[in-house]
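One-letter residues, chain by chain:
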Amino acid sequence: MICADLKVVRLILYLSWRDRLLCANSDMQQSRARLFKEYKEVQREKVADPDIQLVCDDTNIFKWTALIKGPSETPYEGGVFQLAFAVPEPYPLQPPQVRFLTKIFHPNVHFKTGEICLDILKNAWSPAWTLQSVCRAIIALMAHPEADSPLNCDSGNLLRSGDVRGFNSMARMYTRLAAMPKKG
Amino acid sequence: MSKRILCKFFAHGACLKGDNCEFSHDWKDPSNNICTFYQRGNCSYGSRCRYEHVKPSRPPPASSSALLPPGTYLSSERGLTSAPSASSPPPPAWTLDSLDDQANNNNNTGPTNPEDKPICSYAAAGDCPRGDQCPHIHGDLCPTCAKRCLHPFRPEEREEHKKACEKKHKQLEALKLSQDVECCVCLERVLSKPTPAERKFGLLTECDHAFCIGCIRNWRSSSPSTGMDVNSTLRACPICRKLSYFVVPSVIWFSDPEEKKEIMDNYRDKLRSIDCKHFNFGDGNCPFGTSCFYKHAFHDGRLEEVVLRHLDAEDGQTVIAKEIRLSDFLENMRI
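Those sequence lines, one after another, are chains L and H.
Residue numbering for the first sequence follows this note's numbering, starting at 1 and increasing by one per position.
Residue numbering for the second sequence follows this note's numbering, starting at 1001 and increasing by one per position.
Be aware that one or more of the hints could be misleading.
Stated by the list, open to error - Here are the simulated DSS-like cross-link-like pairs (lysine-lysine), alpha carbons at most 25 Å apart as the crow flies:
(1) H:K1270 to H:K1168
(2) H:K1242 to H:K1028
(3) H:K1270 to L:K37
(4) H:K1117 to L:K40
(5) L:K37 to H:K1193
(6) H:K1242 to L:K122
(7) H:K1193 to H:K1008
(8) H:K1176 to H:K1117
(9) L:K37 to H:K1200
Claimed, not checked - To be clear about the criterion: a stretch of chain H counts as covered by chain L if any three or more of its residues have a C-beta under 8 Å from a C-beta of chain L, and this derived list gives those stretches:
(10) 1022-1030
(11) 1125-1138
(12) 1237-1246
Unchecked claim - Chain L stretches covered by chain H per the calculated footprint, using a threshold of three residues with CB under 8 Å from any CB of chain H:
(13) 87-98
(14) 120-127
(15) 173-181
Calculated directly from the structure, the hints in this document are not laboratory data.
Model, not experiment: these values are computed from the prediction.
Ideal Cβ positions, reconstructed from N, Cα and C, are used throughout, including at glycine.
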C-alpha cells in the first residue's frame, strides 16, 4: 500500500517537473491527465481483473507495459505474455501502439516484431477505449484468431487449411518456450 | 461564516473564483436567497423582488437592547420611527408594532378587498414570529419550496409562483444530478473542469452517452488517419458507434428523453435566431444549404425560400440538385 502511494507521489513530482521543463501543449496535457486517471483506475482495479497487470514506466507516463495471462482453453493457457504500449501525444484521439514483447505464434501477431493486427488499434479506434480495455481486447483476440487477415502467414495458413491440431501444437510449443517460466 | 452559504454562481456552473471563492462550493450547503436591500430597509422591487424579504436574523448590535427584554427594545424602536411615520414615510416593516399600526390602518380605512391585501412576508420567507396572531394573511403552502407564499386570493400569482418554483426546483435538481456525470473520453467529471467554457456537456442526437463538449468536438474534428472512415468512426459515438450528425452543447445533463428533446429544441431555436455568416444576407453562399441551423434572411428581413430541384436519372434514381451553373458544365467538357 505504502509502495503504491510512493509511486503516486513520484509520478506527481515527475509530472510537475516535466510540466515546467516542456512548455506543454494542450494535447499533451490532456493525454497526460487522462493517462494519470487510467493509472489510478488500474491501481484500484488490480484485484478485480487478475488476468491483466498494467504497469506504467517509472519515468515516462507515455510508456506502459502489461502482463496478460493466456486465456484458458486455448493453446496459450498457462503462459504470461508481455505487451509494450507506446502512447502517442494526441491520446485518446489516436490509438496507443501495442506490440507483444513475448514471442507468440498467432495469425494476427507478427512473429518477429510482435506487431498486432487489430482493428480497434487502427481504423476502428475510439477514445472511449482505455489501456485496460485494449488489453482485454487482445486477450479476446488470442482466444479468437482471425485467420483471414494474417500477419503471421504460417499460422494463418495452418488455420485456413483446417489443421487446427497442427496450429494448436505449434502455438502451445511457443507458449511453453517463451511464455512460461523455465523449469530447472 | 459565509463559507457555509452556497455560491449562487457555482450553482449555475459559472463561478470564476474556483477555490478562492468566499462562498461554499458544496452542494450540501443551503443557498442564501435573502434580499440584502430589504434588510437595509429599501428594496425598490417591493413585492416583485425575486429574493426573500425577511428581517435581519440578528437585530443591529445595540448595547442596551441586548440587556433589555424584547418588548422594551421594540417600543423604543417605535418611539424613534413612529414620529416621522405620521408625516409620510412608512415605518420599517420589521418592527412588530408597526405591523399592528398597519393592520389597524387596514381595518379602518384600507381596502377591504382581500385580493388587494399583501400576504405576510415573514410567513412567505419561512417563519412568522406571530404565528396565528399575525394580523396579515398567511399565504398557502407552496408544495415545491415549502413556504407560505401562495396568495389565497390571487389565482394568477399563485399559478405563476408554482410554475416558476417548480421550474427552478427541477433545474437545480438536474444540475445536482449532472455533477456526478463523467466524460467517457477524459474520464473526468464534466462539471468539475477548470474553466467554465469546459464545463458543458456535448449531447449526441442518437444516443445518450455523456461527453464534455471539448472532448467530443476534438474527437469529431480530429483528422482521420489512414483507413479511418469518417462516418463510421469519427461521427459515431465513441461508445456505441451510433452515427450522430451534430453535437448539442448543454450545461446540464438530462434525465429523460423529453428533457433531452427540450434542450435540443432550445438550442436549435437559439441558432435559428442568429444570422448565418456564410449566407451573409443573401450575398454569400452557405455550404449547408437547407440543413443549415442558422437564419437565412435577406437584408430586407425576408427569409430564404428554397425550392429543391430533383434530377431524375434514367434508372429511376432521384438526386437533389445543388446549385447548377452553366460554367461548371462547360468546364468538364473537352472540346
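So, going through the hints one by one against the coordinates:
| no. | hint | result |
| --- | --- | --- |
| 1 | H:K1270 to H:K1168 | holds, 21 Å |
| 2 | H:K1242 to H:K1028 | violated, 37 Å |
| 3 | H:K1270 to L:K37 | violated, 36 Å |
| 4 | H:K1117 to L:K40 | violated, 63 Å |
| 5 | L:K37 to H:K1193 | holds, 14 Å |
| 6 | H:K1242 to L:K122 | holds, 19 Å |
| 7 | H:K1193 to H:K1008 | holds, 18 Å |
| 8 | H:K1176 to H:K1117 | violated, 38 Å |
| 9 | L:K37 to H:K1200 | holds, 20 Å |
| 10 | 1022-1030 | violated (count 0) |
| 11 | 1125-1138 | violated (count 0) |
| 12 | 1237-1246 | holds (count 3) |
| 13 | 87-98 | holds (count 4) |
| 14 | 120-127 | holds (count 6) |
| 15 | 173-181 | violated (count 0) |
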